[in-house]
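All chains, full assembly: derive it from the sequences and hints.
Residue numbers (this note's numbering), protein chains in the order written: chain A, -1 to 235; chain B, -1 to 235.
Everything labelled a hint here was simulated from the structure, so no lab data went into it.
Incorrect hints may appear among the rest.
Because identical chains cannot be distinguished in the list, a pair is counted as satisfied if it fits within a single copy or across any two copies.
Stated by the list, open to error - Here are the computed lysine-lysine pairs in the BS3-like style, where the Cα-Cα straight-line distance is at most 27 Å:
1) LYS69 <-> LYS172
2) LYS69 <-> LYS116
3) LYS6 <-> LYS172
4) LYS185 <-> LYS78
5) LYS69 <-> LYS59
6) LYS172 <-> LYS64
7) LYS210 <-> LYS64
8) LYS59 <-> LYS85
9) LYS172 <-> LYS99
10) LYS181 <-> LYS59
11) LYS99 <-> LYS185
12) LYS6 <-> LYS116
13) LYS210 <-> LYS172
14) LYS64 <-> LYS6
15) LYS99 <-> LYS181
16) LYS222 <-> LYS185
17) LYS69 <-> LYS185
18) LYS6 <-> LYS99
19) LYS59 <-> LYS185
20) LYS172 <-> LYS59
21) LYS6 <-> LYS78
22) LYS69 <-> LYS6
23) LYS116 <-> LYS78
Since we're looking at a predicted model, the values are computed, not measured.
Number of protein chains: 2
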Amino acid sequence: MEINNNYKLLIASTSTVHGSGYLEYIIDNAVRFLGVDEIIFIPYARPSGVTYDDYTEAPRKAFFAKGIRVKGLHEFNNPKEALLNAKAIFTGGGNTFLLLKTLYELDLISTLREVIGKGIPYMGSSAGSNITGLTIGTTNDMPIVYPPSFEALEFLPFNLNPHYLDPDPNSTHKGETRETRIKEFHKFNSQPVLGLREGSWLEVQNGNIELKGNLTARLFQQGKEAVEIENGLLIIG
Amino acid sequence: MEINNNYKLLIASTSTVHGSGYLEYIIDNAVRFLGVDEIIFIPYARPSGVTYDDYTEAPRKAFFAKGIRVKGLHEFNNPKEALLNAKAIFTGGGNTFLLLKTLYELDLISTLREVIGKGIPYMGSSAGSNITGLTIGTTNDMPIVYPPSFEALEFLPFNLNPHYLDPDPNSTHKGETRETRIKEFHKFNSQPVLGLREGSWLEVQNGNIELKGNLTARLFQQGKEAVEIENGLLIIG
Chain A
-1 MEINNNYKLL IASTSTVHGS GYLEYIIDNA VRFLGVDEII FIPYARPSGV TYDDYTEAPR
59 KAFFAKGIRV KGLHEFNNPK EALLNAKAIF TGGGNTFLLL KTLYELDLIS TLREVIGKGI
119 PYMGSSAGSN ITGLTIGTTN DMPIVYPPSF EALEFLPFNL NPHYLDPDPN STHKGETRET
179 RIKEFHKFNS QPVLGLREGS WLEVQNGNIE LKGNLTARLF QQGKEAVEIE NGLLIIG
Chain B
-1 MEINNNYKLL IASTSTVHGS GYLEYIIDNA VRFLGVDEII FIPYARPSGV TYDDYTEAPR
59 KAFFAKGIRV KGLHEFNNPK EALLNAKAIF TGGGNTFLLL KTLYELDLIS TLREVIGKGI
119 PYMGSSAGSN ITGLTIGTTN DMPIVYPPSF EALEFLPFNL NPHYLDPDPN STHKGETRET
179 RIKEFHKFNS QPVLGLREGS WLEVQNGNIE LKGNLTARLF QQGKEAVEIE NGLLIIG
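Written out as structure tokens, the structure reads:
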């Protein structure tokens, strides 16, 4: 599978791992990878429905401690222009349906494709990572709003499942496991799905995709048994 | 809230509870409640992507043991006509997006509203229950296909969350809890949401809604604290 050589993406399963603060586990790596002194934050996924201002405080504090300014995209009168002038972009987690719907409503999907296609670094966590795949058809989120499409940014030639969870062998619950859901997805969709566990992330640059963090990831391909992917370069398809 | 006096609905959180067979915990009640010798089964939710034929075998066996015939809706050349002539209808669980999309594609939403509005008994489990609410905006399922709308059958004046799960106080996972997701829903939607735990069901008749099973249910209303609802008549709003 071909990846645009210009893409410079850091795609994290989660913003926060158990027992540490917001972005704490990944902040040094993010600072190094993004390599800028100013980031535009896209707060549209609004976890728990918080305001854009409140949400933007979290990354602002995390990056401020590293000498990097964060501006919320909602602070600009013209978000399209703001993205076109961004040094780097970070999209936070929350609800993927809400995030994608808002990006469509503001006509920012094509803008993001243009900007990221030119090599501006992009970081995503959770919902902000989900939208870098082909569609949001493998999100874990509740469909609290109806987006005009499930088609996403298509930076990656597959779908993501952030916060990937292994089946709990002791569960008595009859709801579907994550693996069952992804297998259902593959009855109706052909693209691979990468399950990224909390603490894992992808680094995409120079046309390569690398799995980072100390965990394996789980790769689901239509018509094949799911496999565990080790850290390092990812070759899919 | 007003409920159509003609409605005769059995709305179950799940088809199966831990440690027992398909419908086993509810079959005697279902037989009594539906009061018919033949049921049309809607298999469109296709759990794990099984075929319509394979899926229909599960309710066929469960009801056959009670002397009731089950026909799959997919066995009819004209599903609309089949529903219009049904003695009772049962919609099974699986993927709610797939179920709703298929019902829209076959133009069966208005047909179901017409038939159930005339007093034909309807039973649903999981996804088949989800669609009896106002929208599918509080489903737990993965959006594996894109339906033309999230608007559902609107038999109930609220939304359902089947397989409702209480937050696990010992979890280290950073994905949202069910309660967090439903609270997010209420930032953007005003209708109440009833969380039905596995083993609970609603019986709707004579304009009343009754909570059955041995569990409480959790009622979420916009701008209010969630409350536990005891078994018995449900008064919402």
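Right, here's what the structure says about each hint:
1. LYS69 <-> LYS172: between (43 Å within a copy, 25 Å between copies)
2. LYS69 <-> LYS116: within (21 Å within a copy, 57 Å between copies)
3. LYS6 <-> LYS172: Cα proximity of LYS6 and LYS172: across copies only (26 Å, versus 40 Å in one copy).
4. LYS185 <-> LYS78: Cα proximity of LYS185 and LYS78: across copies only (26 Å, versus 37 Å in one copy).
5. LYS69 <-> LYS59: Answer is within: at 11 Å inside a copy they meet the 27 Å cutoff, but 60 Å across does not.
6. LYS172 <-> LYS64: So LYS172 and LYS64 pass the 27 Å test across copies only (24 Å; inside, 45 Å).
7. LYS210 <-> LYS64: within (21 Å within a copy, 56 Å between copies)
8. LYS59 <-> LYS85: Within one copy only: 18 Å inside a chain, 62 Å across chains, cut-off 27 Å.
9. LYS172 <-> LYS99: The answer is between: 23 Å across copies meets 27 Å, while 31 Å in one copy does not.
10. LYS181 <-> LYS59: between (39 Å within a copy, 26 Å between copies)
11. LYS99 <-> LYS185: both (25 Å within a copy, 15 Å between copies)
12. LYS6 <-> LYS116: within (9 Å within a copy, 59 Å between copies)
13. LYS210 <-> LYS172: Only across copies: LYS210 and LYS172 sit 19 Å apart there, 33 Å inside one copy, limit 27 Å.
14. LYS64 <-> LYS6: within (20 Å within a copy, 62 Å between copies)
15. LYS99 <-> LYS181: Cα proximity of LYS99 and LYS181: in one copy and across copies (26 Å, 19 Å).
16. LYS222 <-> LYS185: Close inside one copy (12 Å), not across copies (40 Å); limit 27 Å.
17. LYS69 <-> LYS185: Close across copies (24 Å), not inside one copy (41 Å); limit 27 Å.
18. LYS6 <-> LYS99: Answer is within: at 24 Å inside a copy they meet the 27 Å cutoff, but 37 Å across does not.
19. LYS59 <-> LYS185: between (43 Å within a copy, 25 Å between copies)
20. LYS172 <-> LYS59: between (41 Å within a copy, 20 Å between copies)
21. LYS6 <-> LYS78: Within one copy, since 20 Å is at most 27 Å while 52 Å is not.
22. LYS69 <-> LYS6: For LYS69 and LYS6, only the intra-copy Cα distance (20 Å) is at most 27 Å; the inter-copy one is 55 Å.
23. LYS116 <-> LYS78: Intra 15 Å, inter 52 Å, cutoff 27 Å: intra-copy only.
Checked against the numbered hints given earlier, this structure breaks none of them.
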